[in-house]
Amino acid sequence: MHKTRVVLLGPQRLNRTLKAAVEELCPSGTVAAVTAGWEEREGEDQDLREHLGGRTVNLRIWGRAEDVMERDKELSLALRQRHDRLREQHELYRLRLAHAMAAAHELLRREPTPGREEMLEAEREGAIEALRDLDEFHLRRVSLIHREFEEEWKPTERDSVVRHRRELAQIVESCDCVCVTGGHVVVLLHRLRLFDAMSIFGGHPIVAWSAGAMALGERVVLFHDSPPQGQGSAEMYEEGLGAYAGVLPFPHARKRLLLHDRRRIALLARRFAPDLCVAFDPKTRMDWDGAHWTGQPGTLALRPEGVLMQAGRS
Amino acid sequence: MNATLVQDIERHARLGPWALENWLAGQQFPVVEGRTVTFVFRGNVDEVKLRHWIHGLATALPFHNVPATDLWFLAIDVPEGSRLEYKLEIVARGEHRLIQDPLNPNLASDPYGVNSVVYGAGYQVPEWSMPDPEARPGEIVEHEIVSHALGTKKVQVYLPARFRRSRRYPLLVVHDGVDYVRYAALKTSLDNLIHRLEIPSMVVALIQSQDRLREYADDPRHADYLAQDLVPQLESAFPLVGKPSARTLAGASFGAVASLAAAWRYQGFFDRLMLQSGSFAFTDIGPHDRGPVFDPVVRFVNGFRRNPGHPAAHMYLSCGVYESLIYYNRSMVPLLERAGLDVKYSEAHDGHNWENWRDRLREGLSWLHPGPLWMVYE
Numbered sequence: 001m002h003k004t005r006v007v008l009l010g011p012q013r014l015n016r017t018l019k020a021a022v023e024e025l026c027p028s029g030t031v032a033a034v035t036a037g038w039e040e041r042e043g044e045d046q047d048l049r050e051h052l053g054g055r056t057v058n059l060r061i062w063g064r065a066e067d068v069m070e071r072d073k074e075l076s077l078a079l080r081q082r083h084d085r086l087r088e089q090h091e092l093y094r095l096r097l098a099h100a101m102a103a104a105h106e107l108l109r110r111e112p113t114p115g116r117e118e119m120l121e122a123e124r125e126g127a128i129e130a131l132r133d134l135d136e137f138h139l140r141r142v143s144l145i146h147r148e149f150e151e152e153w154k155p156t157e158r159d160s161v162v163r164h165r166r167e168l169a170q171i172v173e174s175c176d177c178v179c180v181t182g183g184h185v186v187v188l189l190h191r192l193r194l195f196d197a198m199s200i201f202g203g204h205p206i207v208a209w210s211a212g213a214m215a216l217g218e219r220v221v222l223f224h225d226s227p228p229q230g231q232g233s234a235e236m237y238e239e240g241l242g243a244y245a246g247v248l249p250f251p252h253a254r255k256r257l258l259l260h261d262r263r264r265i266a267l268l269a270r271r272f273a274p275d276l277c278v279a280f281d282p283k284t285r286m287d288w289d290g291a292h293w294t295g296q297p298g299t300l301a302l303r304p305e306g307v308l309m310q311a312g313r314s
Numbered sequence: 001m002n003a004t005l006v007q008d009i010e011r012h013a014r015l016g017p018w019a020l021e022n023w024l025a026g027q028q029f030p031v032v033e034g035r036t037v038t039f040v041f042r043g044n045v046d047e048v049k050l051r052h053w054i055h056g057l058a059t060a061l062p063f064h065n066v067p068a069t070d071l072w073f074l075a076i077d078v079p080e081g082s083r084l085e086y087k088l089e090i091v092a093r094g095e096h097r098l099i100q101d102p103l104n105p106n107l108a109s110d111p112y113g114v115n116s117v118v119y120g121a122g123y124q125v126p127e128w129s130m131p132d133p134e135a136r137p138g139e140i141v142e143h144e145i146v147s148h149a150l151g152t153k154k155v156q157v158y159l160p161a162r163f164r165r166s167r168r169y170p171l172l173v174v175h176d177g178v179d180y181v182r183y184a185a186l187k188t189s190l191d192n193l194i195h196r197l198e199i200p201s202m203v204v205a206l207i208q209s210q211d212r213l214r215e216y217a218d219d220p221r222h223a224d225y226l227a228q229d230l231v232p233q234l235e236s237a238f239p240l241v242g243k244p245s246a247r248t249l250a251g252a253s254f255g256a257v258a259s260l261a262a263a264w265r266y267q268g269f270f271d272r273l274m275l276q277s278g279s280f281a282f283t284d285i286g287p288h289d290r291g292p293v294f295d296p297v298v299r300f301v302n303g304f305r306r307n308p309g310h311p312a313a314h315m316y317l318s319c320g321v322y323e324s325l326i327y328y329n330r331s332m333v334p335l336l337e338r339a340g341l342d343v344k345y346s347e348a349h350d351g352h353n354w355e356n357w358r359d360r361l362r363e364g365l366s367w368l369h370p371g372p373l374w375m376v377y378e
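So the protein lines, in turn, are chains A and B. Numbering follows our numbering, with no gaps: position 166 of the first sequence is 166. Numbering follows our numbering, with no gaps: position 290 of the second sequence is 290.
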């Protein structure tokens, strides 16, 4: 795993850097586009096609999954049941997370007693460790749900899926790289997983941004520091597709994170360590060569000290 | 009273007209310092009064004249985060005039005119209510509803950006919706909140009545219009979810009464209500003192309080603490909770006005209709 060359970009809507990245990875040939995160708008990829000079072929992952669910009612029902289990699992996780986050925030806010700084720091580390344990526990529980589903239903062996996988393999075979757009991260992740897309992508280089970047990592973390409702605590969602390791992308960080709040930044960086939390804003970029990361100047990582620093080589 | 500022005014006045002019030129009025707001007026008049709509305070607060000058001032206590709309009442040669504060550039509009507005310490106009060039704009189209109850009516319908017939949208019906767009930045707020994924893309019917004090006051024809004509015809014409959980009624003042009354008459049809500064006047004993236009409202609210039933599953209520309606709105909360409704109640240091209702749009809409903020990363 992780041998694929991956480029993660900042959001593309207003500052497009995709073309340059694609031309670097594959100067010619066809680009397989995954726009499943756009859901029913999956096919509205004219801007993307034009930006890449008409070199794209849309894999229509969202539409293919719709087709599977239409044709294969048994599998469709099983997917819905899995969805319900995942939702309940997540609700249970959130209950525990709220209390664990409150404790961590309280300890990070607290001023140490002079001369006894070590006492408070030990408690802070313990609170963050408890968060890590909770996140890990949740990942295991969610993975179990996915594993049980895979074992019982073996989706990639079902006729409804096999036919699409065969077509996808043929299309990707004729392409030189893959690009994965943003959108609904869970829809994107689950539909890519339904077709076991990573095995189809093989060693093709991948360019991804926003939800695409999140889904391709090892862990998917949902986040927003100032939502209109609730506390805005980042949530571990589930394992990603594992195309790369060591980086946790935070797209639209300037809009979604309170980057001036050192306590929150420190908590994110420490909670998700050893992964490097990287702020993906427009014009940022991180390159994964299968073993190491290189950050484009201006691409910032969240540091345990609560500040942002150039994300470089790891 | 802010002694320092008042002393400054008086000290510069004693130094003579030039000193006073120079000092005033460097000031912005009203002056907000912590909880103290000092209003200033210049003019050769006999009296100046602050006319406001804060329930509990005398409606006209007199300014003080600095002797031997044309300068008048008034310092009042205004809690942090407040928004205060007001006019100045000027008395000169026996004539009374209501004017906007000439020294204050901040104005707020409503269907009756324009008021001056002062922002207490810490208050900020919400940035999500202001145009955002990154937000894709929705559009407003005209639609005709043929109503058995109220005749043919034109309705404006907000369609969100990237509206698609292949999708299904929730429906929000807003009483006085055109006024909400004009005075409470509803369209800009919808565009921004949808763009920011804080609410889902939704279709919004902006209804307006020529006879709102009658139709909105628990008039059964209005409830019939909503449930039998407007919603079914919109659900035929637009790709709407068409289930109670995706039907919301909203309104302010009498519009809130109309929303609650319709949901009460058609229980199970509307699942969500957003009621702002509802005119929920009731009596525990004896007659009310709000005039005959409130007769049907009081009858309805008294009946509702006796038997609330289950008009909706989720209800967002808000009211300004400077409104005379605050008591009625606060009284609704325990009643609704006892009736098993999921209620979110919010108060603001504001009055019965459109910008108060604007400022609560984000909280109310995102609570009733949480958007895909946590799931979508474009």
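Bear in mind the hints are in silico, worked out from the structure with no lab data behind them. Computed from a predicted structure; not experimentally measured. There's no promise every hint is true.
Ranges between beta-carbon positions, derived for each pair [unchecked claim]:
1) B:Arg167 <-> A:Arg71: 17 to 27 angstroms
2) A:Glu66 <-> B:Asp132: 28 to 38 angstroms
3) A:Glu70 <-> B:Ser324: 40 to 50 angstroms
4) A:Arg71 <-> B:His148: 37 to 47 angstroms
Chain A is faced by these chain B residues, among others (derived, beta-carbon under 10 angstroms) [stated by the list, open to error]:
5) Gly16
6) Thr59
7) Met130
8) Arg167
9) Arg196
10) Leu197
11) Pro334
12) Arg338
13) Asp342
Beta carbons: idealized from backbone N, C-alpha and C, even for Gly.
A quick look at each hint next to the structure:
At roughly 22 angstroms, the beta-carbon separation of Arg167 of chain B and Arg71 of chain A lies within the given 17 to 27 angstroms, and the hint holds. Distance hint for Glu66 of chain A and Asp132 of chain B: a CB-CB separation of about 33 angstroms, consistent with the stated range 28 to 38 angstroms. For the hinted restraint 40 to 50 angstroms between Glu70 of chain A and Ser324 of chain B, the CB-CB distance of approximately 58 angstroms leaves it violated. Remark: the range hint 37 to 47 angstroms for Arg71 of chain A to His148 of chain B is upheld by a beta-carbon distance near 45 angstroms.
Because the closest C-beta pair between Gly16 of chain B and chain A is about 48 angstroms apart, greater than 10 angstroms, the hint is violated. For Thr59 of chain B, the suggested interface contact is broken, since its CB lies about 35 angstroms from the closest CB of chain A, more than 10 angstroms. With its C-beta approaching chain A no nearer than about 16 angstroms, Met130 of chain B sits outside the 10 angstroms limit, and its interface hint is violated. For the restraint placing Arg167 of chain B at the interface with chain A, the shortest Cβ-Cβ distance is roughly 6 angstroms, inside the 10 angstroms limit, so the hint holds.
For Arg196 of chain B, the interface hint holds, the least distance from its beta-carbon to any beta-carbon of chain A being 8 angstroms, beneath 10 angstroms. Interface hint at Leu197 of chain B: satisfied, since its Cβ lies 9 angstroms from the closest Cβ of chain A, which is below the 10 angstroms cut-off. Proximity of Pro334 of chain B to chain A is violated relative to the hint, the smallest CB-CB distance being about 22 angstroms (cut-off 10 angstroms). The interface hint given for Arg338 of chain B is violated, since its Cβ lies 24 angstroms from the closest Cβ of chain A, which is over the 10 angstroms cut-off.
Interface hint status for Asp342 of chain B: violated, as the beta-carbon distance to the closest one in chain A is roughly 13 angstroms, over 10 angstroms.
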